[in-house]
Amino acid sequence: MAETVYAHESVAEADAHAPVAHIEHDTNTGISNTKLAMWLFLASECLLFGGLITTYVLYRHPLEGPTPKEIFDIPFTSTSSFVLLMSSLTMVLAVSAIERADHERLRVWLGATALLGATFIAGQVYEFTVFVREGLGFTTSRFSSAFYTLTGFHGVHVTIGIIMLMSMLFLSLRGKLPEHRSETVEVVGLYWHFVDVVWIFIFAVVYLVP
Amino acid sequence: MALTSHDPIPTQVLDGAVREYSRDKVYVLTAIFLGAITGIEVSTYAWPDFPLWKGDMLVPVLMILMAVKFFTVAYIFMHLRFDKKILTWFFYSGLVLAVLVYLAVLSMFRIWFPGEHG
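Residue numbers (my numbering), protein chains in the order written: chain A, 1 to 210; chain B, 1001 to 1118.
No lab work stands behind these hints, which were simulated from the structure alone.
You may find that some hints are simply not true.
[Said to hold, decoys possible] List time: in silico SDA-like cross-link candidates among lysine to any residue, alpha-carbon distance up to 25 Å:
id : chain 1 : residue 1 : chain 2 : residue 2
1  : A       : 69        : A       : 140
2  : A       : 69        : B       : 1039
3  : A       : 176       : A       : 74
4  : B       : 1085      : A       : 184
5  : B       : 1084      : B       : 1105
6  : B       : 1084      : A       : 25
7  : B       : 1085      : A       : 176
8  : A       : 69        : A       : 151
9  : A       : 69        : B       : 1052
10 : B       : 1085      : A       : 34
11 : B       : 1084      : B       : 1102
12 : A       : 69        : A       : 180
13 : B       : 1054      : A       : 26
14 : A       : 69        : A       : 44
15 : B       : 1084      : B       : 1103
16 : A       : 69        : B       : 1049
17 : B       : 1085      : A       : 180
18 : B       : 1025      : A       : 105
19 : B       : 1025      : A       : 107
20 : A       : 69        : A       : 101
21 : B       : 1084      : A       : 101
22 : B       : 1084      : B       : 1042
23 : B       : 1025      : A       : 74
24 : B       : 1084      : A       : 121
25 : B       : 1025      : A       : 86
26 : A       : 69        : B       : 1065
27 : B       : 1054      : B       : 1068
28 : B       : 1054      : A       : 34
[To be verified] Stretches of chain A that chain B covers, calculated by requiring three or more beta carbons in the stretch to come under 8 Å of a beta carbon on chain B:
id : stretch
29 : 25 to 32
30 : 44 to 54
31 : 75 to 87
32 : 119 to 126
33 : 196 to 204
Remember, it's a predicted structure, so these values are computed and weren't measured experimentally.
From the three backbone atoms N, C-alpha and C, an ideal C-beta is built for every residue, glycine too.
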């Protein structure tokens, strides 16, 4: 079991940029229950998205309607993927900012992350609209059902993430997110990064694998 | 154990994101690296005849690039590099379980033997 830092205040005060060391939590693992719960939740989410990706792999060859090759706009989706990837950077910078008690930058990075997430969702809505116009409805083929279910579930996760980010931003603006609650931002960040890694899978398996 | 301002904070006492400060530069470099990998992934679409990923090599190359991106995000951005090992075990156990279960499902559907399924 790791030892508790008793003198972390003196370490932090010695350098204005030093983060506050996380003190051991009074749990069996030494990890806060919130953080542990989030990691367990993310582990279970692997199973959910694993199921959806597997279903897509099984049904990716449509028996009728447009094929993936005919309908996918890879340059557009690549741009969306890059936007989501960069939102992971702004998220981790937000966590870093609150650990330094830099609340102004925390708000900037939280806002930027939410904005990038919203841009990704806007891109997804546009993509779905174009697909439907081109004749790929939800029930057009087994491919379309699997595709919309997988990417739609991911989109819902991103949307929930944006709501959490906006809540953090709102709390921060009201002064209810002091630096000693940095773990709250970190836990939201874990969720956001998970959404990003899921898209890394989806982008490669759904869009790029021929 | 009491620490002075000159002592580095031992890694094992930290349960969270913090081991050392000034990590922002590492994060930016990581993002550039991830962007570059994404660029290579997109190149497989733009230049399908490039020798490195021509023909049967395309899927393995994409899977390797995907894995590199996945573990980079988990390791650096999700702080598994700096966090307690138990969190790594939790997350990877879920991941491995998912992969094994769905490999079994795909095998059940004979996805590895084109022409036999459906």
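Hints versus structure:
1. A/69 / A/140: 16 Å, holds
2. A/69 / B/1039: 20 Å, holds
3. A/176 / A/74: Judged against 25 Å, a Cα distance of about 42 Å means the pair is violated.
4. B/1085 / A/184: With Cα atoms ~20 Å apart, residue 1085 of chain B and residue 184 of chain A stay inside 25 Å; holds.
5. B/1084 / B/1105: Violated, at roughly 33 Å.
6. B/1084 / A/25: Cα-Cα ~12 Å, so holds.
7. B/1085 / A/176: Since the Cα atoms of residue 1085 of chain B and residue 176 of chain A sit roughly 31 Å apart, the hinted pair is violated (cutoff 25 Å).
8. A/69 / A/151: 17 Å, holds
9. A/69 / B/1052: Distance of about 22 Å is within 25 Å: holds.
10. B/1085 / A/34: Holds, at about 17 Å.
11. B/1084 / B/1102: 28 Å, violated
12. A/69 / A/180: 50 Å, violated
13. B/1054 / A/26: With Cα atoms ~55 Å apart, residue 1054 of chain B and residue 26 of chain A exceed 25 Å; violated.
14. A/69 / A/44: Violated. Residue 69 of chain A to residue 44 of chain A sits at ~32 Å, over the 25 Å cutoff.
15. B/1084 / B/1103: 29 Å, violated
16. A/69 / B/1049: Since the Cα atoms of residue 69 of chain A and residue 1049 of chain B sit roughly 17 Å apart, the hinted pair holds (cutoff 25 Å).
17. B/1085 / A/180: 23 Å, holds
18. B/1025 / A/105: 15 Å, holds
19. B/1025 / A/107: 19 Å, holds
20. A/69 / A/101: 49 Å, violated
21. B/1084 / A/101: 23 Å, holds
22. B/1084 / B/1042: 35 Å, violated
23. B/1025 / A/74: It is violated: about 31 Å lies between the C-alpha atoms, which goes past 25 Å.
24. B/1084 / A/121: Roughly 33 Å between the alpha carbons, so the hint for residue 1084 of chain B and residue 121 of chain A is violated.
25. B/1025 / A/86: 14 Å, holds
26. A/69 / B/1065: Holds, at about 21 Å.
27. B/1054 / B/1068: 20 Å, holds
28. B/1054 / A/34: 46 Å, violated
29. 25 to 32: That given contact holds, which follows from 5 residues of the stretch 25 to 32 of chain A lying within Cβ reach (below 8 Å) of chain B.
30. 44 to 54: Since 9 is at least three, the answer is holds.
31. 75 to 87: With 6 residues close enough to chain B, the hint holds.
32. 119 to 126: violated (count 0)
33. 196 to 204: holds (count 6)
Going down the numbered hints, you'll see the structure goes against 3, 5, 7, 11, 12, 13, 14, 15, 20, 22, 23, 24, 28, 32, while the others check out.
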